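J.: Hey, can you work out the whole structure from these sequences and the hints?
Same order as they appear, the protein sequences are chains A and B. Going by the working numbering, the first sequence opens with residue 1, and the numbers climb by one from there. Going by the working numbering, the second sequence opens with residue 1001, and the numbers climb by one from there.
Calculated directly from the structure, the hints in this document are not laboratory data. Note that this is a predicted model, so its numbers are computed, not measured. Be aware that one or more of the hints could be misleading.
What the hints assert, rightly or not - Mimicking DSSO-like on lysine-lysine, the simulated pairs with C-alpha atoms at most 27 Å apart in a straight line are:
no., chain 1, residue 1, chain 2, residue 2
1, B, Lys1289, A, Lys318
2, A, Lys289, A, Lys269
3, A, Lys289, B, Lys1230
4, B, Lys1293, A, Lys269
5, A, Lys230, A, Lys270
6, B, Lys1307, B, Lys1166
7, B, Lys1293, A, Lys293
8, B, Lys1318, A, Lys270
9, B, Lys1307, B, Lys1293
10, B, Lys1166, A, Lys166
11, B, Lys1289, A, Lys269
12, A, Lys318, A, Lys307
13, A, Lys259, A, Lys166
14, A, Lys318, B, Lys1269
15, B, Lys1307, A, Lys289
16, B, Lys1259, B, Lys1269
17, B, Lys1307, B, Lys1318
18, A, Lys259, A, Lys230
19, B, Lys1318, A, Lys216
20, B, Lys1289, A, Lys293
21, B, Lys1270, B, Lys1259
22, B, Lys1242, B, Lys1166
23, B, Lys1166, A, Lys307
24, B, Lys1230, B, Lys1270
25, B, Lys1307, A, Lys166
26, B, Lys1289, A, Lys270
27, B, Lys1166, A, Lys318
28, B, Lys1289, B, Lys1318
29, A, Lys166, A, Lys270
30, B, Lys1259, A, Lys307
31, A, Lys230, A, Lys216
32, B, Lys1216, A, Lys216
33, A, Lys289, A, Lys318
There are 2 protein chains.
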Amino acid sequence: MPTYSYNATRLIQGVLAGNRRDLARTITLFESRNLAHQEVASDVMRGLAPHAGGALRLGITGVPGVGKSTFIESFGIYLVDRGHRVAVLAVDPSSRLSRGSIMGDKTRMEGLSRRDEAFIRPSPSGGTLGGVAARTREAMVACEAAGFDVILVETVGVGQSETTVKGMVDFFLLLMLAGAGDELQGIKRGIMELADAVAITKSDGENRELAERARKSYENALSFFSRDRKVPVVTASALDGKGLDSLETILSDFYTEDKASGALEHRRKKQQIDWLWALVEEGLMERFKQAPKVVSLVDEMVAGVEKGEIFPGHAARKLLDRFSG
Amino acid sequence: MPTYSYNATRLIQGVLAGNRRDLARTITLFESRNLAHQEVASDVMRGLAPHAGGALRLGITGVPGVGKSTFIESFGIYLVDRGHRVAVLAVDPSSRLSRGSIMGDKTRMEGLSRRDEAFIRPSPSGGTLGGVAARTREAMVACEAAGFDVILVETVGVGQSETTVKGMVDFFLLLMLAGAGDELQGIKRGIMELADAVAITKSDGENRELAERARKSYENALSFFSRDRKVPVVTASALDGKGLDSLETILSDFYTEDKASGALEHRRKKQQIDWLWALVEEGLMERFKQAPKVVSLVDEMVAGVEKGEIFPGHAARKLLDRFSG
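T.: As structure tokens, then:
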């Protein structure tokens, strides 16, 4: 079967013109593992990159059950109604393995996906978290080049992917439920501390008062952590749209301020450099663990360390010497 | 000048007999960078290791001003009075550079240092955090072999060293001040979440009520974070000894329980394996960054990534290929 062949120039033109089909095709190209595709992908990237960077990049997380898709859909529609062009991407390294993955199904955001000013793309499937994140970064560049000015990057709320997404967005929003009890137990350690803002979802009807109480508690709890700036906590409802306006104000104030001061640019550059080193580290470890001469020694060293017979420092040195030698 | 020469057998015997001078000498040997010393050090390690592991390893942190030395001194004396043998170690990678380093001066714990059942050792100076931590781990083994049954590992409360210390202790205690305001701003993000217990220090005299209020606030704040077990918050005073008994009860209950269930052993094994991989990673990055063929390319790649001309993934691949090639 002949491989589908892409035309770099046509794709670049299409994306820059805001053609959604070309945008989708470009992202598929970026995700391809085919070597010939990867060469075209590099060309397309080079063509698009100078036109990227113009969006607010917003990471959104929250445990399953918090109403993430519903929230993103109504916030997305709200933004589109206010004149924005909204792209929704996702980072979900589990998406191939588990059925509980996010955005496997566009129909979960049916209203938003019907809007011309919106673009929804499920998580690239398979591969490491690093791989999925890399594809999502590339998709972000394409979406920005296509003129989307708000990029929502959704993540799963359980595991390492939050830290990764935090490293590729300007602002990180944590969705929480009212009621500080068992429902919250799913929030992984450290995720609360990544948040630039918290929204208490499902703040409607009888739940409203509970949500307001939760808001105050969270605000108090967050004041215990040292941050560059205050972390606002808002209540929001996807049902009646309450709180979406406050959220938009928070975001646009943040964006305007950080853009004017240069902090946005500075943070993005730092994210790129951090990302470079993270990839180098990941690549080094991968090459190390796959090196045949290392493989044959690893089990022995690990067993020795576990039994307390070999010191970690000694084992590490032996492994490193074997790798380099 | 001839190098001081160590006798492994004599040192092992001395340490196992609980001789404090031999213990101090052994730790100095472990810290030596002299190659001949390092060989003797390995022998001594092998002799001591089977006798290690019998202590509760307690990490203690808190920002400067929280009264860390004073707290450790009174808690140390309290434990010694209750029949324990207490060793105080420190992890402070800044100790060579800054004057604000911890435990540069034993006289700060004068009362404790005069007790025969106590042993105080300043942070090994110089080197990376990894290096300092490795030396402290080794010192811990020696102290345990010498019969100390409580090891207090002090750390600075600002930076990466907390995570490192968390990875080498059984229990991590965070010292905090009453008053949730500016004084707390020094607590780095993520440190609160490492704590297995929090102690509000200087809870005496007029400060008592304030400390009790802070205790409740912290307890509330901590309930927002998902943990395997509840994180107790106590008030304590180095002045009148208040709260030291509750703290001892918390620690001994924890130790007894985790020892009986096997959780202690399991956690320590995992810490050793994690440590092994952290050292491998650190070593790989070090070798990578020092490889001449990489060095010549790094600046170019970093500059390109910063300017947005080269993608981090592309730069990482180029650097990795240069390293392996």
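J.: If a hint holds in the structure, say so; if it does not, say that too.
T.: Hints, verified against the model:
For the hint linking Lys1289 (chain B) to Lys318 (chain A), the alpha-carbon distance of about 19 Å falls within 27 Å, and the restraint holds. Among the hinted pairs, Lys289 (chain A) with Lys269 (chain A) is inconsistent with the structure: their alpha-carbon atoms are about 30 Å apart, more than 27 Å. This hinted pair does not check out: Lys289 (chain A) and Lys1230 (chain B) have alpha carbons roughly 38 Å apart, beyond 27 Å. A hinted pair counts as satisfied when its Cα atoms are at most 27 Å apart, and Lys1293 (chain B) with Lys269 (chain A) qualifies at roughly 25 Å.
In summary, the hint linking Lys230 (chain A) to Lys270 (chain A) is supported, as the alpha carbons are separated by about 22 Å, within the 27 Å threshold. Proximity of Lys1307 (chain B) to Lys1166 (chain B) is assessed by CA-CA distance (about 38 Å); at most 27 Å being required, the pair is judged violated. For the suggested pair Lys1293 (chain B) and Lys293 (chain A), the alpha carbons sit about 23 Å apart, so the restraint of at most 27 Å is met. Simply put, Lys1318 (chain B) and Lys270 (chain A) have alpha-carbon atoms about 20 Å apart, close enough for the 27 Å limit, and the pair holds.
As the CA atoms of Lys1307 (chain B) and Lys1293 (chain B) are separated by approximately 23 Å, the hinted pair is consistent with the 27 Å bound. Between the alpha carbons of Lys1166 (chain B) and Lys166 (chain A) the distance comes to roughly 24 Å, so the proposed pair stays at or under 27 Å and holds. A C-alpha spacing of about 21 Å is found between Lys1289 (chain B) and Lys269 (chain A), which places the hinted pair at or below 27 Å, so the restraint holds. A C-alpha spacing of about 17 Å is found between Lys318 (chain A) and Lys307 (chain A), which places the hinted pair at or below 27 Å, so the restraint holds.
Distance hint between Lys259 (chain A) and Lys166 (chain A) is fulfilled; the C-alpha atoms sit about 18 Å from each other, no more than 27 Å. For the given pair, Lys318 (chain A) sits about 19 Å from Lys1269 (chain B) by alpha-carbon distance, which is consistent with the 27 Å threshold. Taking the CA atoms of Lys1307 (chain B) and Lys289 (chain A), the gap is about 33 Å. The hint is violated against a cut of 27 Å. For a cut-off of 27 Å, the pair hint linking Lys1259 (chain B) to Lys1269 (chain B) stands: about 13 Å separates their Cα positions.
Proposed proximity of Lys1307 (chain B) and Lys1318 (chain B) is supported: the alpha carbons are some 17 Å apart, at most 27 Å. Distance restraint check for Lys259 (chain A) and Lys230 (chain A): the Cα-Cα separation of roughly 18 Å lies within the 27 Å cut-off, and the hinted pair is therefore satisfied. For the hint linking Lys1318 (chain B) to Lys216 (chain A), the alpha-carbon distance of about 50 Å lies beyond 27 Å, and the restraint is violated. Proximity of Lys1289 (chain B) to Lys293 (chain A) is assessed by CA-CA distance (about 22 Å); at most 27 Å being required, the pair is judged to hold.
A C-alpha spacing of about 15 Å is found between Lys1270 (chain B) and Lys1259 (chain B), which places the hinted pair at or below 27 Å, so the restraint holds. Pair hint Lys1242 (chain B) plus Lys1166 (chain B) holds up; C-alpha atoms about 26 Å apart against a cutoff of 27 Å. Taking the CA atoms of Lys1166 (chain B) and Lys307 (chain A), the gap is about 21 Å. The hint holds against a cut of 27 Å. For the given pair, Lys1230 (chain B) sits about 22 Å from Lys1270 (chain B) by alpha-carbon distance, which is consistent with the 27 Å threshold.
For the hint pairing Lys1307 (chain B) with Lys166 (chain A), the CA-to-CA distance comes to about 21 Å; that is within 27 Å, so the pair holds. For the suggested pair Lys1289 (chain B) and Lys270 (chain A), the alpha carbons sit about 19 Å apart, so the restraint of at most 27 Å is met. Distance check on the hinted pair: Lys1166 (chain B) and Lys318 (chain A) sit about 25 Å apart at the alpha-carbon level, within 27 Å; holds. For the hint pairing Lys1289 (chain B) with Lys1318 (chain B), the CA-to-CA distance comes to about 14 Å; that is within 27 Å, so the pair holds.
Restraint check for Lys166 (chain A) and Lys270 (chain A): satisfied, since their Cα atoms lie roughly 12 Å apart, inside the 27 Å limit. Distance hint between Lys1259 (chain B) and Lys307 (chain A) is fulfilled; the C-alpha atoms sit about 17 Å from each other, no more than 27 Å. For the suggested pair Lys230 (chain A) and Lys216 (chain A), the alpha carbons sit about 14 Å apart, so the restraint of at most 27 Å is met. For the hint pairing Lys1216 (chain B) with Lys216 (chain A), the CA-to-CA distance comes to about 16 Å; that is within 27 Å, so the pair holds.
About 14 Å separates the Cα atoms of Lys289 (chain A) and Lys318 (chain A), which keeps this hinted pair within 27 Å; it holds.
Hint check: violations occur at hints 2, 3, 6, 15 and 19; the rest are consistent with the structure.
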